[in-house]
Structure formats: structure tokens, C-alpha cells
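Student: Chains as they are written, first to last, in full-length UniProt numbering: chain L, 1 to 303; chain P, 1 to 231.
Worth flagging that the hints you see were computed from the coordinates, not collected in a lab. In this text, all values refer to a predicted model and were calculated from it rather than measured experimentally. Don't be surprised by glycine CBs; every beta carbon is placed ideally from N, CA and C. Among the hints, erroneous ones may be present.
Label pairs and their computed distance ranges (CB to CB) [what the hints assert, rightly or not]: (1) 229(P) to 38(L): 19 to 29 Å; (2) 23(P) to 123(L): 25 to 35 Å; (3) 69(L) to 204(P): 19 to 29 Å; (4) 161(P) to 111(L): 46 to 56 Å; (5) 123(L) to 122(P): 46 to 56 Å; (6) 161(L) to 110(P): 42 to 52 Å; (7) 301(L) to 6(P): 15 to 25 Å; (8) 34(P) to 123(L): 43 to 53 Å; (9) 6(P) to 69(L): 25 to 35 Å; (10) 174(P) to 123(L): 58 to 68 Å; (11) 222(P) to 131(L): 39 to 49 Å.
Computed far set for chain L versus chain P, every beta-carbon distance over 12 Å [as the list claims (entries may be wrong)]: (12) 57; (13) 177; (14) 203; (15) 227.
Not everything, but these chain L residues come out facing chain P in the computed CB check (under 10 Å) [said to hold, decoys possible]: (16) 69; (17) 71; (18) 82.
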Amino acid sequence: MAVIEVTDLRKSYAGLTVLDGVSFSVEEGEIFGILGPNGTGKTTTVECVEGLRRPDSGSIRVLGLDPVKDARKVRERIGVQLQQTQLPENIKVWEALDLYASFYADPRDWRELLEEWGLADKRDARFGKLSGGQQQRLFIALALVGNPRVAFLDELTTGLDPQARRTTWELVKKVRASGVTVVLVSHFMDEVEELCDRVAVFDRGKVVAIDTPAGLVGGEHRMRFTLMTEDASGQGDTAGLEDLPEVIGVSREGRRVVVTGRGDFATAVTAHLARNHILVSDLRIDKRTLDDAFAALTGRSFE
Amino acid sequence: MMKLAVVETRLLTREPGALFSLLIPLFILVVFGSSIEPGDTVLLPMALAIAVGMVGLYLLPTTLATYRERGILRRLSATPVRPGNLLVVQLLLQLILAVTACGLLLAVAGTVLGARLPTGVASAALVFLLGTASMFAIGLLIAALAPNGRAANGIGVLLYFPMAYLAGLMQPKDQMPAMVARIGEYTPLGAFGQSLREVWAGGAPSPLLLGVLAAYALVVSLTAAKLFRWE
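Whole structure, please, built from the sequences with the hints as guidance.
Tutor: Structure representation (C-alpha cells):
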């Protein structure tokens, strides 16, 4: 079942087109990524879905409801972590959770969230005294305190150190495991590759692709190596590589060989070389990444 | 809504600014209070006007503009609760703070200093209400226009001193140029101070000044409502 359906969303500010026909749908129980460089309409799109902004045209359904007409009902069922929001400096962690829980008809027990998100020992700490990672965990806990069906997390690991990012990722997986659909806005490729079931790639106010991270990256990888021995026949050493099912193509220039393939082709190629006692050096595998996929889709590099 | 009020009250008590708006007028009252003659009708109204002015022009706009700057109002719009509730709670709290500040001044002045208290309780309450409304309206306008909390604070200070001067809160009115004193009477703080003095002198406040206060409250708050941005 689609939890969110967005069709042909358009919005412009002062003549500048921000959203140029955005469509996608989010299925129940998945982590859906919204990926793109800054300023490509990701946040605007999500804020339209949350009912914080009105699109100029297009339709949005969240759990079958219109986020503008049925604003209250939608807000009751979604949880939101916004980019660049703070809490009052002097509010205590437990007060914030207790307060936000009181906004919802059927909230979660915030004491549980305090434990889950590792904030139990910061219960009485003031917001202003928390570290960046702790503040971020509190924001996510606040997004979940209303017991939402869908949680929107916007750039949740920006400004966190690598260790804190890893921890946050594990927690987001736990959120999905608890049955909450997650919409994750991010400009980090690694984050999206690690977490998302499906990704919508944004560029200049448009969705240029929707697929799984693996599907976006595509099958094709490249492997390069140099033959250590000169063979008389010229092609003999690499003959048979083309016949491997995982290999797409082989090109050769003197002793330098480039093999393209998909999936686990590297293992098949090295096994073939070993079987035929072919010695190689300078072996390198270029895996395509989401960065490459983005460049291929948009004709420009990510940042 | 109740919980919001409780939490906001706690936050207000953790705000040093709130304590200042209680203590500064009290300090002025006590320092000058030792030298007043019994039956003085100037000092206490002045302290009251300063107290209400501080809450309305400093504390209210700074709090609201900071809430907007920090995205707190925006975050609230993503919950089932409307951010307008926070505004209402803040207005009520600041009103309570202004009442508390004035109550404290009256209590200290009435007991320790033996100052004169007005006999016309109803007209005193009416003046307080209209004066506070016009001060809060200006505070709301500052909150609507200021890009952030610090700017709101700055605008508050910038407005407060000329307004306090024109209102005759910084020096006795008879030492001010007649023209300035006359104009000052029609500024919000001036009309408020003058009405208070009239009540303290035992008379009824001039309907013209009450009308001026009501007009300020209405026009300025409508303008503020029109200009207010949630983010």
C-alpha cells in the first residue's frame, strides 16, 4: 500500500521554479530516500507533503489524506524532524518530550524513547547543554513521540561525527523495524546507500530517477590489471574471459586489460586467471557508486 | 495547551530577563522612594509604566522573535497543535508577569514607602489594561518585523528610551520643553503614564488619552498580525 502519493508537484517562488513536476510514491514500511544536492527541491517537496507549504499545483496524499485540507489528521499521524530547528535553550530533555507527547491523541511513552535513544542520563539536562549528537537524537525522539505511521527525517546526520552517524543509522533501521515508514532526506550518498530501500534522485526540481540504491548504481563495474607475462599468441591469456557469464566486455591494449562486468564478476575473473595460471599485477576494481550514477543521470557531478 | 502553559512558565522563570523586569522598576521605586513626600502622585505611576514598558517592549518581542528564529514556531506547525497557541500562552504569561511586576510595586510602595494608592480601582484597572494592551501591541509589531531575537531586543531598546523620555519617565515633565511634553502625552507610553498620574491624583483619566491608548492597541496589533511571519 502506498503511504504517500505525490503527483506532478509544482512550485515556484518569485518566478524561480523550485519544483518542476515532482511525482513519487512511498510504500508502507520502507525507508524511502530523497537524494540530491542542496537546492534541488528536496526539502520543499517534503515540506509540502508535511503540509507546511502549499504547492502551486499537483496532488499529495498522505495515508489517503490531503495534508492541507486534513491538516490536523495528517499531523496526528506523521512525525517530523526538520532541518535547522532548535528548541528553547533552557528546556529540559524530559520536558520537551513530555510537552510534544501532549500534542498527540495517542502518544508513545516518552520514557521509553528516552531509553531507546540513549538520552536517559540526559533526562534533566537543558537543550542548550546537549552535544550535537544528543540534540539530533532528541529531535528524532520528538519526531517519534506522537506514535506516527510515517516519520520524516531531514538531513539528520549533518554535523555529526562519523561514529555518531553510524549510531544514528542503526537507530533509523530500528525505527523501520518497529513498523514506521521513514522518509529520509539526505545529500549524503553513503547514508542513502546504507539505509534506503528505494531512492528518488532529485535534480533541479525534478525527480530524475527512482530505484533501489543498487539499481541506481547499476550492475556495471570495471576491473583493470596488467599481464605479467608476454604471450606469443597475443590474445591467448585473456581468451575465455568473455565467456564468463558475469563479464560484459574485455578490452586489451598491449598487456593492459580492462574487464567490465556486473555483480560478483571480480571473483569469477580472478578465479579464471588462477585456473589458467595467468599472473597479473596492478589489479584494481572500480566500483560504480551513487556519485557515478548521479553524474550519469544529470550530466553533472554531485557537489 | 495546559502543558504548553506549564512548560512556558518554567522557561520564563529560567529567563533572567523576566527577573529584571520585576526588579529594575522596584529598584527605581525604592531608590527614589526614600525621598518622596507623602501623597506623591508621580513616582509610583512612573515605576508602573516602566515595568509594563519593559515587559511589552523587551521581553515579549525578544521571546517571540527568538522562537521564530530558532524554528520553534515552525516545528510546532508540524504537530497537531497550532503555533498560534504558543503565541496566546506567551501573551497571557507576559500579561501575568506585568501584573505581578505592578502588584509587587504597589505592595512595596503601599506598605514600606507609605505611598499614595489610587482610590478609583476600576479606572486604575482600565488604564492598566489599555496601557498594557498598547505596549504589548508594539511588542508584537517588533516581533513581527525583527529578523531574529537579538534584533528584536535591539529595536526594543532603541524604542524604549525615546518613548520613556517623551513619556516623562526620565525627568519630570515640567522640566521638559512644553512642546515635547505635549507631543509626548500622545505617545503610547506617554498616554499611559499621564493617565496613571491622573488616576493617582484622584481624578478620572481623560477619555481622550484612553482613546489614544485603545487606538494604539488596536491599530498596532492589527498591523503586527498582518506582518507576522511564522518562519
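Student: Against each hint, give a clear statement of whether it holds in the structure.
Tutor: So, going through the hints one by one against the coordinates:
no. : hint                         : in the structure
1   : 229(P) to 38(L): 19 to 29 Å  : holds (23 Å)
2   : 23(P) to 123(L): 25 to 35 Å  : holds (32 Å)
3   : 69(L) to 204(P): 19 to 29 Å  : violated (53 Å)
4   : 161(P) to 111(L): 46 to 56 Å : holds (49 Å)
5   : 123(L) to 122(P): 46 to 56 Å : holds (49 Å)
6   : 161(L) to 110(P): 42 to 52 Å : violated (60 Å)
7   : 301(L) to 6(P): 15 to 25 Å   : violated (52 Å)
8   : 34(P) to 123(L): 43 to 53 Å  : holds (48 Å)
9   : 6(P) to 69(L): 25 to 35 Å    : holds (32 Å)
10  : 174(P) to 123(L): 58 to 68 Å : holds (59 Å)
11  : 222(P) to 131(L): 39 to 49 Å : holds (44 Å)
12  : 57                           : holds (22 Å)
13  : 177                          : holds (24 Å)
14  : 203                          : holds (26 Å)
15  : 227                          : holds (61 Å)
16  : 69                           : violated (15 Å)
17  : 71                           : holds (9 Å)
18  : 82                           : holds (6 Å)
The earlier numbered hints that this structure contradicts are 3, 6, 7, 16.
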